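Chain order of the listed sequences is A and B. This note's numbering applies: residue 17 is where the first sequence begins, and numbers increase by one. This note's numbering applies: residue 136 is where the second sequence begins, and numbers increase by one.
Bear in mind the hints are in silico, worked out from the structure with no lab data behind them. These figures come from a predicted structure and were not determined experimentally. No incorrect hints appear here.
With a Cα cut of at most 27 Å, we get these calculated BS3-like pairs of lysine-lysine:
1. A:Lys532 with B:Lys299
2. A:Lys545 with A:Lys532
3. B:Lys270 with B:Lys434
4. B:Lys395 with A:Lys384
5. B:Lys483 with B:Lys399
6. A:Lys20 with A:Lys75
7. B:Lys434 with A:Lys532
8. A:Lys655 with A:Lys511
9. B:Lys191 with A:Lys618
10. B:Lys300 with A:Lys685
11. A:Lys565 with A:Lys20
12. B:Lys399 with B:Lys458
13. A:Lys511 with B:Lys191
14. A:Lys532 with B:Lys382
15. B:Lys359 with A:Lys459
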Amino acid sequence: MRPKYLKAVLNSYAEIFFLQGYLPGLAFFLCTFINPNIGIAGLICVLTAYLFALFLGMKDDFLSSGFYTYNPLLVGLSIGYLFKLDFLTVFFIATAGILTFIVTYSLANIFSYYFHLPVLSLPFVIVSCIAYLAASQYSNLFVNGLYVPSFFNLWESKLPLWFLGLTKSLGAIFFLPHVFAGVILLGIILAVSRIFFLLAIAGYFTGTLVVGLFTGSLSQSFQSLNAFNFILIAMAIGGVFLIPSPKSYFLALIAVVTSSLFLEAVKGIWMQYGLPVFTLPFNLITMGFIYVMGILGYPYLAKFYRGTPERTLDHYLTYNYRFPGSSRTLCLPFSGEWTVWQGIKGRWTHKGPWQYAIDFVITDEQGKTFENEGKDLEQYYCFRKPILAPVRGRVVKVVNDIPDNPAGEVNKEHNWGNLVLLYDERGFYVLLCHLLQGSIKVKEGEWVERGKLIGLCGNSGYSPQPHLHVHVQLTPTLGVPTVPFSFIQYMSPEKVYFANQLPLEGQRVIALYPDKSLDMKMTFLLDEKMDFVVLVNNVPKTNLEMKTKMDSNGEFYFEINESRLYFGKWEGTFYLYRLENKITPELKALFTALPRLPLVFKEGLHWEDFLPIHVVLGGLRKHMVLLGSSFFPSMAKVKGEYRFLSPDEISGEIKELSLKTYVKLHPIKGIERVEVNTKGQKIVLRREGV
Amino acid sequence: MVKKKYEKPVIKKLQMGFMNKFGRGYLSHIRQAIDGVSIDKLVEMYGSPQFVFSEKRLRQNYRRLYNSFSNRYPNVQFGWSYKTNYLNAICAILHKEGEVAEVVSEFEYEKARNLGVPGHKIIFNGPFKTISSLKRALEEGAIINIDHFEEIQDIERLAQSLNKKVKVGIRINMDTGIVPQWSRFGFNLESGQALDAVKRIAYGKRLVLNGLHCHIGTFILEPKAYSLEIEKMVNFAYQIEDDFGFKIEYLDIGGGFPSKNRLKGIYLPPEVIIPSGEDFAEAICDTLLRCLRPNDFPKLILETGRAIVDEAGYLITTVHAIKRMPDGLRAYVVDAGVNLLFTSFWYKFNIEIDREVQGIPEPSIIYGPLCMNIDVVEESINLPPLPRGTRLIISPVGAYNVTQWMQFINYRPAVSLITIEGKIELIREPETLDDILGKEKLPQKLQLNLED
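Bound conformation, chain B alone (with noise of 0.2 Å):
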């Protein structure tokens, strides 16, 4: 028999039942393999920090969400929300599923070619869409929708000097009962601003409006509020092509499904709370199904990002030091902090150890490395005493982290993808001094010869 061992008496405070707003209960959270790779292969070929995909979580969220949908509207599209996760090699497995791409800037419009999606697979969206890279969506074809009435001038002038008539779609933002109700984007439906758009556009003549886009939110946790916007949206449509004449080819009712994931401030698992893709899917095609007329199956285009890549993505990071704090709680210093986890903000990870650790779980807090106050991964999470180089897998951070992350006091780390076969491939090198210095200029006055 091993001898047990020696463990520092605490004081701990009683705690009942599982749910507070402390957190859950430590309910033994151990993750030694992502998809059948062990941690410690994962940490010896690419290092710690290091954010970890997996192909098979991303290829099953995305079949499991299209195939609710497909399954009950005979017309659907997926537009790979850019801003989520532009690695090229998540892309990659979208556009491979059949996704198109939704960029919301010339920047994101350029990686979508670069990577080689043609322009008429890509939506151009967003308020701020520069007149060269409209000029480049329109010469290829891209799919704009129109965001404010200055956008609407700027793509005349540019369909004039093309001589050709281009099809564009509007925004249009309207009350689903969500708040914050988005009305930054888009053309207002209730105060008749979107119909003044259309009225302009009609007016001009350069341009064919065939297409309405919306997004009433994000992290929407009630699938009726989708329902309402279908039901504005299939109306307006009908409203537009029985006064001017125009048809409606698609209805994109952008994306702002939730993923499995705690919002700081609610008690309620995700479990519970989170609806699943079924539940939403039901009240959109149910509802376009019974609002549309007969044969006319318009393109319902989803822009989903969060709800197809969140989960499919985990950040590897190492206990680097542990800490008592002045008021007794136990805190750790790990090597990955906000500066990866933009998430961290709203988000109440799940944080995985990966190994069996002995000792009584007290409530922690998890530090990242930064010099910086605001550097808090977890405000309060039971574990056990970790000792110095234990792994945390945190997770689901496969949305907005790797597009939101910092190269901010530290290198950006290593992204590794876990392939279908079991393979692992890096799809992004660490950062190294040269990537960061390639961009700066020292004038020549400024160079330093301290050494000598």
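This is chain A alone, in the form it adopts within the complex (with noise of 0.2 Å):
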């Protein structure tokens, strides 16, 4: 068997606990050999169900889903559970496995058509649940859980009865429902994630307590095997489907109480036929929750599972924190320095299905709009200046005879006076007005480029001083209500250099034009390279050799070795995202040096980015801060602040970790040269071959 099937198979074990790695899932395997008859019935059962899908003529993507490889496992392990391996046996979980693959696939397909739902362990509830139907008739299979090894049990009654609860129906979840290895299962799960341990803990103990409240007795509570569902669902609704956080946990407890009513209701049910109600609690509640917050579009939802809560969490912190804008990027529509004088749900008109909407003035250095009394239109500071294109798109209204009022006075007729309403293809309508009477360049139905200039800015509609207002909306009819957007690449008069983000009212702003030659140099073909040597402290320690290559969802990254450095160019900023895989000190090198850059030079200026924690911190540090950081988000914050030296010089500091860096970009394509300062170290990574 080629090491990737291996893994893969080993990796349907770890996914049971929502984790992804063939480490633990190596342990868990291991795990579930405590009883050789589960162990081998689980592997019998996925790798009949992963022949069938192979005979079927479906390859590697079997192995590459969660789902298709962990329910047949599951069921294998039911069914080991229940009956001695034998040949009748081993046809049995054989049969039973390629009705697992039917299942699921077929559910899968529904349910992600349908819901946008995950599958979950749902096709092993309904399948184990069948095989435990049918063998009831099925007297020829010999019954294994009568003879349960009882090796255990002479030191079991000293434990409390908490922690046999506990460990046993962690055990349960693998068919296993020991101490012993739920002691192990515990252990492993506190290895790869603090977060899923105390979830796991708080989940148990939380639905436990509320069972026994209601039945009157902690014990009994204790000792039903069932508690597992809790466990799963305080850990997938508050480490995987939840961005980690107190919201979150809360609502995972939540869940969990509410899944105990459900739980007794379908025990009741499934006595009836003498079956074990497996994770149906779990799958149902799970969904359910899910489901409802997809609906309502809850905050905390995670779009991406990065394969422990932690790295989720990092993922979506730092995401937060480096992409404040959003994925309606505009072009300040003007040139030069202007100031925000009504922002986003502003005081005066901003209200409402209005309030994503920014109006633009011109202020001198007292914070004043106009010279003089300002009794004179001319006197203000941005009237006649020009009105650029903040996208490129079509042109689908325009108005331009709207007289200009003069100084103080509205026109409440036509609100939104001269205007040009431009067409994104991206799907949305952006919306200048206030224009100068007679001054539009454009038509409509004219295609337009960033950058054009589309008329003057004047003082019509309701408007008591010269302005621009600029708002972005779904449909093309005037007054409907407006919807969030950002602007690109902007500075303070600081020289801040903002990337995507919504200035906020009084800010000044200063627009910036993508510089052709430093966005040529940060463009990377397929397939191309780039060498380097990398010296520790001055002395050459290993070669480097990047390669740029694509994913198969599209994204573009470094190949290095094992390792992956994801990077993209996004509307005039060069990005790296995160690492994957192997993080070794030259990746993490690199990435604290350049996280982002600017793809225009402007003397002086900086910029500031918030590095992953996976990329800045190692070792128990790490772990704490990611566990601390579900509590306390701002905990995750490494800040770093980046400067142009020279344009093609970048010096950067991360005061948290006392850490100097400077990378130098080569005069044609790429980077130079790295070099990372801390204490007492110093990573250089120098460019070769070129």
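Two independent chains are provided; combine them into the complex using the hints.
Structure below.
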């Protein structure tokens, strides 16, 4: 068996606990062999399902999806738990494996198409129920459950009841309801994810306490093996489908509490047929919660799960700090320095459905928008200044004949005044209004590129003084509700660079325009290579070859040995996104030295960026910070400050880590040199062979 | 009640209205302070005559002009024209505001470098660039605008010896309706000479053409001339880009914007005839945005000197003697003349006095201190009878005077700066004999021993 398949199969063991990686998988796999009967049964079931999938012509995609592998695995374990392995049982397991594949495949499609939901382990519940029901008629199978190995029972009685309950129900997930198996599983979970560990424990105790309250007997609720449902629900909701945070933890526990009702109810019915409830409460409660939160657009819903809750959290925290903007990106529709007069949700007119709008004026050093008394429109700084197209798109509406109001007066009849409405093919409309009468230079139907002169700033419509109003809407009718948007590539007068953000009221902004040479420099074609020598304290250590690749999601990355450094160039800024697989000091150095690069040079331009925890911290500190940041998000803020020293040199500093960086760009393509200085260590990446 | 002072009776020609060829009627022009610092205090500190610059006015002028351009075109860079005023303090203020240096000689290049301006922030123009200065400029990455074919050769040779490909711009001249046409600088556009220069550069393969420079004249009063200049430059730039594969990264349109100064021979006051910076900016930027292709914003370089510094400079001078000319005109001898006021040859200055003076204003002549007939600061100005010691404040004198002044007959005086904070800084000491003798060499046999 090729290692790829081996890893995939092992991975399916880990996925039962929502983990990724074959190492925890291997540990779980070995764990199942505490009862070899169960271990072998699980493996057989996965393999038959896989062989059948191969027979149907499905290849690697079977192994790449967790649902297809861990559902047959669970079914196999459940059958192995019940029947002793012999030829007939193997045949029975194989049949069940094929059935699981069929059920999983159909359900996965239906669920993702109609509900946008994962199928979780529902196929396992269904097939195992079927298998158990069918098996009750097959008296030829050798029932194993009657011969439970009893070597643990000697000292079990000395352990507290809650501990027994916790470990046994945890073990029961793998059909190993023993203290020993439970302790091992708990250990593995702790080793891989502290957040999962906390959630598992909190879920277990919340569920059992609630059940205990209702039934009046805690000892009885501790003895119920079905409590593993509580554990799974807490882990799934608190750590997988929601971004770990106090709110998510709270929701997870609520879900656990609601599931206790469900559990008892289902148990009542299932018992009639002599069936265990398996993971049915977990599946239905989790799906229900996720479905509702999905429809409501709950903000903490995780769009990407990165393998452990810690990594998801790291991704989202840095993602929120690093990318505060939206995907409806506009250039500033003017040149030079302007000031936000009224921002989003402004105090005068940006209210209700029109809250996502910005008004711009030009101000002087005293903050005045005009010189002298401002009685005359000509005295307003922004009057007659060119207005440029903020997006590329088609002009869908032009109004050019509304007279400009004298200063201090407004036109209540034609609110928007002279205007240009542009349609951006990304699916939205941009309105620019209060333009000067007769100044509009574009016609309806015309195609405009970003930065094209479309008219002059005026004082028409509901405008007491010359200003420019910008907003984004989703339909071409005037007056419809506005939607969020953001501006790209601008700086403050203090030369702070903003890649994609929304300026606040009173903030001064200066429009920047991309620099073609810098853009070319950071354009990497597929399979293009950069070779580096890594020097640690001036001693050459290794060579690095960075090769540009694209993954199956269309994301670009640099392939460096076995690691991946994801990058992207978007709206005038070059970004490094994340490191995957093996994280070496050289890659960390590269990432910390240049997490983003404005593709425009201005002298003294500087910017900040927030670095993912997995890039900057290591060891115990990383784990502690990640766990802590699920409660206090600001703990994960590792801020780097960067500055252009010259058009191709960038210095940086991360104060939290007392770390200094330096990057020199190559005159033609890519990076020439990277230096990272920490206490007593200097890592240098020197470009070779150019 | 104070007894009225006796005044000698004079016969005065009756004049109607304010404007005639003798200038305005006398409107009480009194200036007791510059930026809140009294004239007396300035003279007490650094004497008379004295040039005084206002940092506040200088920065205001720059920002105003910069904003009128930057709010209309996204890629604007001002280059400080060193020849207009290369006092270190003035240059430093403007560099801090964000201007690069525009120099036209080896001396100016060295001066800018000495001040701390890096090579890549210097624009090197002019018809006479020595080989040594070109070499230094190339090594230091300066922006060079080529003036003639010989210079193309010079730079190609230097590029070869330095073994690198260098970026250069060329200066072109063209007809924009402005007379005189400055056709002596650069390559002519209409005759095809400019295109020949581009071909020559492309053929040489050592240089990369990345910019165009043009300067249509000085004290231009017609914004449309710039529109025409821009249109021709942009068209030529695209012709170069399309036919030769060069990328024109900057359009340097020179300077030539007027200051609010009264030209001799023009009767209307400057407020009426001189277009504002906004008018020039609108003509230039709207034409750029109209003519440029989408998403192409080459750097617009402006080398405005006069419009920024002229009005920030004042000259304080003192009445030394009063004369009555044979034709009855009153005349004054003051301590500053054409040796310090080069621009007096074409400007009619704004002359203010430092105190209230009683008496009937009458046309007067102001003579400088030189023992030369040409030394006339003002041929005709209505002034009340000024007593000896009255200070006259002459403005605007910030442009060209402190570069073209002469050490002729007299020493050159102190130059001071009133900072934003209101402090008075000496930015150039008055000259002494040692400054002048320092360079002189007297052969041994000519040593004089007359006192023995």
